[in-house]
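Start from chain A and add chain B according to the hints.
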Amino acid sequence: MKRRHFLGGALAAGTLNPRAKAADLCGCSLFAQAAATPGNPDWDPISSGVKITGMKVFGVSLTSDSDRPYVFVKLETNKGVVGWGEGTLEGKAAAVMACVEDFREFLIGKDPMQVEHHWQSMYVHSFYRAGPVIGSAISGIDQALWDIRGKVLGMPVYKLLGGPSDPRGVRGYYHVNAATKEQLQQVRESAGRLGVTCIKGGIPAYYEWIETHQKIDEAVRRLQLLREGLGPDIDIGVDFHAKTSPSVAAILVKEVEPLKLLFIEEPCPPENVAAMARIARRSTTPIATGERLVAHYGCRELIEMGVIDILQTDINHVGGITALWKVGQMAAFSGVSMAPHACEGPIGGLATVHVDAATPNFLVQEICSGVEAQPKDKVWEEWLGFPAMRMVNGRFPLFDKPGLGFDLDEKALAKYPFGGTKPMARVFHTDGSVAEW
Amino acid sequence: MNIRRKKVTEWIAMQAAAAMPKDKHEIVEMRAYPVREPASGRSYTIVRLRTQSGLTGWGEAARVSPSDVERARSRIVGRPATAYGVTSTDTPLDGAINCAMHDITGKAVSAPVYRVLGGPTRFKARALAPLSGGTDSELSASLNTLAKAGFQAFDVPIPGFNWRNQGQAFDKAARARMDGLRSGAPQSANFVLRGAGALTAGDAAAVASSLERFHLLWFDEPCPVTNLRTIKKIAEETVTPLGFGREIASGSVFQDLLREGVVDILRPSIQRDGITRIRRIAAMAETYYVAVAPNHDGGPIATAAAIQLAASLPNFFIQSVPWPEDERDRKMRAELVSEPIETVRDGFLSVPATPGLGITVNESALEKYKETAA
Numbered sequence: 001m002k003r004r005h006f007l008g009g010a011l012a013a014g015t016l017n018p019r020a021k022a023a024d025l026c027g028c029s030l031f032a033q034a035a036a037t038p039g040n041p042d043w044d045p046i047s048s049g050v051k052i053t054g055m056k057v058f059g060v061s062l063t064s065d066s067d068r069p070y071v072f073v074k075l076e077t078n079k080g081v082v083g084w085g086e087g088t089l090e091g092k093a094a095a096v097m098a099c100v101e102d103f104r105e106f107l108i109g110k111d112p113m114q115v116e117h118h119w120q121s122m123y124v125h126s127f128y129r130a131g132p133v134i135g136s137a138i139s140g141i142d143q144a145l146w147d148i149r150g151k152v153l154g155m156p157v158y159k160l161l162g163g164p165s166d167p168r169g170v171r172g173y174y175h176v177n178a179a180t181k182e183q184l185q186q187v188r189e190s191a192g193r194l195g196v197t198c199i200k201g202g203i204p205a206y207y208e209w210i211e212t213h214q215k216i217d218e219a220v221r222r223l224q225l226l227r228e229g230l231g232p233d234i235d236i237g238v239d240f241h242a243k244t245s246p247s248v249a250a251i252l253v254k255e256v257e258p259l260k261l262l263f264i265e266e267p268c269p270p271e272n273v274a275a276m277a278r279i280a281r282r283s284t285t286p287i288a289t290g291e292r293l294v295a296h297y298g299c300r301e302l303i304e305m306g307v308i309d310i311l312q313t314d315i316n317h318v319g320g321i322t323a324l325w326k327v328g329q330m331a332a333f334s335g336v337s338m339a340p341h342a343c344e345g346p347i348g349g350l351a352t353v354h355v356d357a358a359t360p361n362f363l364v365q366e367i368c369s370g371v372e373a374q375p376k377d378k379v380w381e382e383w384l385g386f387p388a389m390r391m392v393n394g395r396f397p398l399f400d401k402p403g404l405g406f407d408l409d410e411k412a413l414a415k416y417p418f419g420g421t422k423p424m425a426r427v428f429h430t431d432g433s434v435a436e437w
Numbered sequence: 001m002n003i004r005r006k007k008v009t010e011w012i013a014m015q016a017a018a019a020m021p022k023d024k025h026e027i028v029e030m031r032a033y034p035v036r037e038p039a040s041g042r043s044y045t046i047v048r049l050r051t052q053s054g055l056t057g058w059g060e061a062a063r064v065s066p067s068d069v070e071r072a073r074s075r076i077v078g079r080p081a082t083a084y085g086v087t088s089t090d091t092p093l094d095g096a097i098n099c100a101m102h103d104i105t106g107k108a109v110s111a112p113v114y115r116v117l118g119g120p121t122r123f124k125a126r127a128l129a130p131l132s133g134g135t136d137s138e139l140s141a142s143l144n145t146l147a148k149a150g151f152q153a154f155d156v157p158i159p160g161f162n163w164r165n166q167g168q169a170f171d172k173a174a175r176a177r178m179d180g181l182r183s184g185a186p187q188s189a190n191f192v193l194r195g196a197g198a199l200t201a202g203d204a205a206a207v208a209s210s211l212e213r214f215h216l217l218w219f220d221e222p223c224p225v226t227n228l229r230t231i232k233k234i235a236e237e238t239v240t241p242l243g244f245g246r247e248i249a250s251g252s253v254f255q256d257l258l259r260e261g262v263v264d265i266l267r268p269s270i271q272r273d274g275i276t277r278i279r280r281i282a283a284m285a286e287t288y289y290v291a292v293a294p295n296h297d298g299g300p301i302a303t304a305a306a307i308q309l310a311a312s313l314p315n316f317f318i319q320s321v322p323w324p325e326d327e328r329d330r331k332m333r334a335e336l337v338s339e340p341i342e343t344v345r346d347g348f349l350s351v352p353a354t355p356g357l358g359i360t361v362n363e364s365a366l367e368k369y370k371e372t373a374a
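Heads up: the sequence lines are chains A and B, in that order. Taking the working numbering, the leading residue of the first sequence gets 1, the next gets one more, and so forth. Taking the working numbering, the leading residue of the second sequence gets 1, the next gets one more, and so forth.
Only chain A is shown next, with the shape it has when bound in the complex (with noise of 0.2 Å):
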């Protein structure tokens, strides 16, 4: 390092941080041209007067004993205009909590507008980059920041991405939980009545590495059901939710060919690309993925190695709306297809339907509710005004609302407070062991 750098970096450190004393520098490199940061005069002319001037973040708990209550964040700014965004992860809510708080002095006082750049120095400036906690908490501010430019711009959200593909709405899908044929055939008549044109099921058990013929069988026969019930018009797809190792996923993906699925889902854990690949390489099935990866960082091996369908990244953990849309980006060079994961809150659920709504190889998106309406769905709508992510005609609507499309009052949100971080479900095998769920 030359002299003249190291001493401009022992300056713009003291700028960069006025409390930082000698003592608590490590002698990383902080060069002086860091100190041309927003702040910085030079971006007076381009900046749009908008100034964030508040935060909060609920924690929203719809039981008391919830494992996964929902994290929004509420940005405030000078001009009177909020923005609303969710960071929900489940059975971490806390976590995320204080990792928001952790941007509070980053945000205050930026232009909001500054959506890609606020993003990136966030993602970068965290230094260890984003897994999950780091990737909710900063999908709950983006989504607040995107919400914040289109009331300021007068846009929805999904026309600032240069959408809609189709004006008429979203293509959605609904969970199904039912074991018997009767209950199937009442959801597909639901289903047809509402215009819901795919639905999802799941595999009936927990498995080991290697699994029995009988559980094999069953778990055939269920998915056979599943297909008599809703009939041969319907979509369906099938969460393996990374129960099966991919021994065991390869064989049953392979039994399920002449069903003719849109997809089956995580056939095994996330972290292994390879395992995946192995299980995709061996079937005609599409197999979809994604719903735990952060950022297109986290995305770019699995997209690039082609072998994968579908992708279902979370606007909850992806990095909200920035993210969501770079990964769709990408994934279209390899022809992969969009289904976003939807498990959690209202706000990261409508935030996604804008976003697909400008993903021209987007596939169709998740909501984890039913063709009857449950209970969370009321709250959502006593909160929001409307029935948010209740689908019209098989598709989610599109508004054109500026932002995100909605109002929330945070008074509504007192109704639920915030219980506590809960731990998810624990889930062993008969001998004990731990098992994946």
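A portion of the hints provided could be inaccurate.
What the hints assert, rightly or not - Here are the computed lysine-lysine pairs in the BS3-like style, where the Cα-Cα straight-line distance is at most 25 Å:
(1) A:56 / A:376
(2) A:415 / A:376
(3) A:181 / A:215
(4) A:401 / B:331
(5) B:124 / B:172
(6) A:56 / A:74
(7) A:51 / A:110
(8) A:92 / A:401
(9) B:370 / A:401
(10) A:51 / B:124
(11) A:110 / B:124
(12) A:260 / A:181
Bear in mind the hints are in silico, worked out from the structure with no lab data behind them.
Chain B in isolation, oriented as in the chain A frame:
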């Protein structure tokens, strides 16, 4: 379904139906103006879109045929101007139309395009000037002119050659050219060496290696992109950064280059690809820690679009600006676009604050410089 829910559902359907189909920014007219610079002979087609709402958007394509214009018009009229992410005419005008749609969207919300796209990500954009001339002395004169105009980065054509795989003589000529230019240039100068896809892998690898310690910004398109193995040879033999993109019309080819780890800077074309396609390519490139430096060999409208793009991308590096050295061409560009957007200071273009692409196009100049059929 209870009655209340049914009512709400119907209300939503009605709202959605009422809100969507008729878009006030629907495109009602498209015009294309082929123009030609008097001295350089550089020609390009300027595209104007108009909407129902009375907004005008500008874009710029390379020279296109009248039948392409007809085809594009029939496919773009009737589309909402804001739907730039999901609209394609499948013609060579797509890049221009995409820029014009962004221009309209920015004007519709009274914001520069980079603000519509989540920027600014930077408050100025580094500029690269292609040198003109065939001989070392002509290039040197060109460098002086462009350095005086404010440029600090220069794109240098590799010496012409008469035969292939000519080995040392060629290598020496390339080195001599670069050394000569650097010794006569201001200290701040940096260089791109432009191969224009004309070299054999052997020649390219030799030059790339022998210029390693010269520290080019990058070696641009040393050989054609059609053969990945060939590029691999160059990439594996040298640490000189490599750029590709002038002839790459499909994003999947960029994906191949990135996946194989043989490219250091992506060079999509602002005229051909427009803003959206370059943003898509750039998003992918981010995950390989690679930046984009859009190609541009057209007029000032594409420069304006490129500046907006630069201010909305995190991984933008430098923008090529075909800054004309002949007074007559400069005059034409200044007449076409009122704002001095192509002015470079200390190596950088500035980022405008006005809505859309930040330019006012002078329509009478379009007529004046109209290219008539030869």
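We went through each hint and held it up to the structure:
1. A:56 / A:376: holds (23 Å)
2. A:415 / A:376: Holds, because 13 Å separates the two Cα atoms, which is no more than 25 Å.
3. A:181 / A:215: holds (20 Å)
4. A:401 / B:331: Roughly 45 Å between the alpha carbons, so the hint for residue 401 (chain A) and residue 331 (chain B) is violated.
5. B:124 / B:172: violated (37 Å)
6. A:56 / A:74: Within the cut-off at roughly 5 Å; holds.
7. A:51 / A:110: holds (5 Å)
8. A:92 / A:401: Judged against 25 Å, a Cα distance of about 32 Å means the pair is violated.
9. B:370 / A:401: violated (43 Å)
10. A:51 / B:124: Cα-Cα ~21 Å, so holds.
11. A:110 / B:124: holds (19 Å)
12. A:260 / A:181: holds (19 Å)
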